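The primary structure of each chain is shown beneath.
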Amino acid sequence: MGPPAFLGRPTYWLIVVATLAFAFLPLWHDNVELREELLLAAIYVTLAANLNLMIGYAGYINFGNIVFFGLGGYLCMWLVSSHGWPLVAAALVGAAGVSLLALLFGLGILRLRGAYFALATIGVNEGVKAFVANFTPWGGSTGIYLPIDAFAELGGPAKALWVIYFLLVAVMGASLLVSFGIKNSKFGLGLLAIGQNEDAAVVLGVPAPRYKALVYSASAFLPAVAGALFFFKSAFIQPDDAFDLVFSTEAIVGVMLGGQGTVIGPALGAFLYEELRSTLLTAETFSNFQMVIAGVLLLLIVLFVPGGLMGWIHRRWPRTKRVLE
Amino acid sequence: MFGILASILDGVLVGAVYGLAAMGLTLIWGVMNVINLTHGAMIVAGMFGLYYLASVAGLPVYAAIPPIALAGFCFGVCLYWVSVHRVIGRPPLMSLLATFAANLVLIGLGTAAWGTVLFNVPVSLPGISHGGYTFTGTHMMAAVLTAAIAGLLYLFLYRTRPGKAIRAVAGNREAAELNGIPTTQVLALAFGLGVALACASGALIATLFPFTVLSGAAYQLKSFVVTVLGGLGNPAGALLGGVALGLLEGAMTPFMPVSWTSIVEFVVFVIVLIAFPAGLFNFRR
Amino acid sequence: MRRQFLIAAAALLAALPAFAAGEDTLTIGFTVSQTGALNLDSLAQQHGFEMWRDEVNAAGGIKAGGKRYQVRFVTYDDQSQGGRVQQLYTRLIVQDHAQFLFSPYSSGLVATATVISEQYGKLMMSIGGAEGKTYQLGNHYLFQTYTPADHYLSGAIELLKDKDPGAKIALVYSDDPFSKAVATATRDQAKQAGLAIVMDESYPPSQTDFSAIINKVVASGADALLGGGHYPDGATLARQLYDQKAKLKWATLLVAPDSPQFASLGPAAQGISVPSQWAPQVTYKPDFGPTPAEFTKRFQAKYNMAPGYHAAGGYAGGLLFQRAIERADSIDPAKVAAELNQMKATTLWGGTQFSTDPKSHGLQLAHQMVLTQWQMQGGKLVKEVIWPTSAATAKIAFPYR
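Protein chains in written order, with the numbering used here: chain A, 1 to 325; chain B, 1 to 285; chain C, 1 to 401.
Hints listed in this document are in silico derivations from the structure and should not be mistaken for laboratory results.
It is possible that part of the hints are untrue.
As the list claims (entries may be wrong) - Result set (BS3-like, lysine-lysine): computed pairs, CA atoms no more than 27 Å apart in a straight line:
(1) C/K122 to C/K67
(2) C/K335 to A/K159
(3) C/K133 to A/K159
(4) A/K159 to C/K122
(5) C/K163 to C/K285
(6) A/K159 to C/K359
(7) C/K122 to C/K63
(8) C/K163 to C/K247
Said to hold, decoys possible - Which bits of chain C does chain A cover? Going by a derived footprint, with three or more residues having C-beta under 8 Å, they are:
(9) 83-90
(10) 101-113
(11) 165-179
Quick caveat: nothing in here was measured; it's all calculated off a predicted structure.
Beta carbons: idealized from backbone N, C-alpha and C, even for Gly.
Using the sequences and the hints given, assemble the complete structure.
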């Protein structure tokens, strides 16, 4: 048995290099500014890469994708604050719970097609947000606050911020590898077939309901872990921040901008979008313009370049299709 | 006992306006299979329209509604040509994202221009009081105007040439094309009409409650729920759906904390989407 | 003659370093809710900060460790959102090198900002953060200027017990950390005063349609309405109460009626009372800084409007920082914190003393609240202090209209 095939694929190495770069660049000169910026970028990439499984592969737009991020955050925070669990255990168990919930929700809404499904995902997100805002064990609308000494288990606040950062970079790397792995598997082929023409795929023997449920559930896991880590770092979580439709939208923009259906595209698109966003965050006149710019970008892509950045690159330089997937 | 009845009646009055808000959405959806995600922004546009015409320019409040509807129509036609025309034939995913993107731009510009400050158009009309409860004049006027606008819409769709053309294109686009109907223009007309309805409903809502640039999102969600309840492409169904939603809200609030009503609405929304995709009030098919 | 000249020149040369070594800057960072639901109150608070900064800098700056520091603000718009607050405070500390921090406005945002200030070991003066729970999360460098939320409605309860011991209360409040904390305390206080609560409900902060809630208030037979939240919902609730002609004897709403803009509601504003951290008519005798009357005059001259308690709180926050830095004679956070921990002072704002109990560090112990009411005088709406009666400037209007 020779070495696994993926070791020969440039995309695999690209993912490894990018992940290592994220991990080591801020360490040089203890660059806290860079770390904070890359942390947000890692979260956007994670969300986009997992969302791509639904939008890019299976062809189902999950408008309310942020519900996984928020629920992952809530389950983790609840386990940590009410039951004293350590962070990693709480994040993983919480994410597993979210995947299970996704499977349950999926059973209901995955029968819907196209726009109906998209609207239903918004309904799910808003419904969960409204429920959590009334759910007293989870703090209701006030949310959950962690005492400052919750960071003691990770060695104090300063050290904890680094640990959480590395964990998030690992989650980002895992998301990209999962995206890569699925695309080059039989499962992925089935999903792409569903995305092209679901009825034809079913006729050809693709077990569509099972695959859809699997990918919906799978696309929930890593964003849930990311949510758990992010909200633990913030030491508080509340419904409006956890289930923010704007954030959900930005993930979609990232996927479309970079090129839905590719592996690198969503990551690239999410990264570029986040850089743009953080520049606008503090710019006096333009701090609200991020939505306008996101909207204009998205409109231009949908109208003229539906394949996004990667789609354009692939058409311009067809050789890159094998190298940059 | 009267308290519950008052609550229900009030809910029905406001629900009628929700129905009006949804009529524009369902019309566009039914005619060209496009979900107009700028719907919320258009409702807000109507709200601001009323503020500027009535509070700033001093027009009588209800007289400002026709110009707002007209402006909405023109804007809707433009929006059609900019965002929607290119994506009509393409997969629904694309048209969804196109109107979504247009919405981002509009709300972003609105937030940049007006921030998220609360605006209010103070309107007072004599209401009807009974036993400590008051039905405000504004609620009643809004319901009456909604009925009037719905009536006008019916007349337009069933008694005028352009209206019948819209219904023809909604029924079967190719057949209409073959019959010599200029479908692209009809689609633009229908889109403009849908947006006009959204703006008019926004203006009416502004007579009832204060608003911010971001208020549209909540009403857009309500419009989705109502549209789904009433059945896509069915304006009469939308009105009934709105009244039903208002009735449900009014019946629930005396018995449970007000903050629970939105949970119930979303549960209803998802259930109706899954179990009754044709809507509850779709009496035709 | 020549000798005197030389001596004078020498003296001048010796004094020059004192002039040159003056201008260091002290950077204070904070976010303001320039947009979003909290913007009216937050901007009022910012006026207070800025007036303090301008006066301090005009007088030569803050004196510490042999240097004089000009105060410089770095501010960002947090849009009244918790998520942005954390990103922005991190930026203020890491990129803008803020040495001290003011809190954002409103309890929820203060709690989220505290996580950052504690993570990086920076002192934060909390103005506009009344909820007590924020101070129980184990902080070292957070200091509260406001009276905690628990005491907001205690004045109204005492007043009701005095004027109408059998009054039935409807508690209708916004579902946010501050208002919920007030409601929790009010329930206990009402029970102890023997007043019945016949309706007890919260609404989402973004609520604009209160007709259903008001119907429920009427149905419950309540005599008094207590609650509200911040400006947008409070103002809307007041307006709709008037439109729906709800028959009540008393209404006290949180925060909203304190803003001068509340008077624009006209007849809907009349009789509404608000628990106030401060009013221009108070008569505290300050240990340092201007008197309430002087502050009010200067504020009116600078901003062309009367100051509300948010502005006064902002000004006081700056004043307290200045005092602590000057007494510590250093800008080292630990030394300034030690000064604040032992401070027992009175300013235009009232009493100030911070709790040093680790379980509730920074909680305000000494500051008192007043109840003010909008009353119609000669056709104009005027805000008068009505409680405690010892500090009152007008008689209580009961029933409120």
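We went through each hint and held it up to the structure:
{"no.": "1", "hint": "C/K122 to C/K67", "result": "holds, 21 Å"}
{"no.": "2", "hint": "C/K335 to A/K159", "result": "holds, 25 Å"}
{"no.": "3", "hint": "C/K133 to A/K159", "result": "holds, 26 Å"}
{"no.": "4", "hint": "A/K159 to C/K122", "result": "holds, 17 Å"}
{"no.": "5", "hint": "C/K163 to C/K285", "result": "violated, 31 Å"}
{"no.": "6", "hint": "A/K159 to C/K359", "result": "holds, 24 Å"}
{"no.": "7", "hint": "C/K122 to C/K63", "result": "holds, 20 Å"}
{"no.": "8", "hint": "C/K163 to C/K247", "result": "holds, 17 Å"}
{"no.": "9", "hint": "83-90", "result": "holds (count 6)"}
{"no.": "10", "hint": "101-113", "result": "holds (count 3)"}
{"no.": "11", "hint": "165-179", "result": "holds (count 3)"}
Violated hint for the displayed structure: number 5, the only one.
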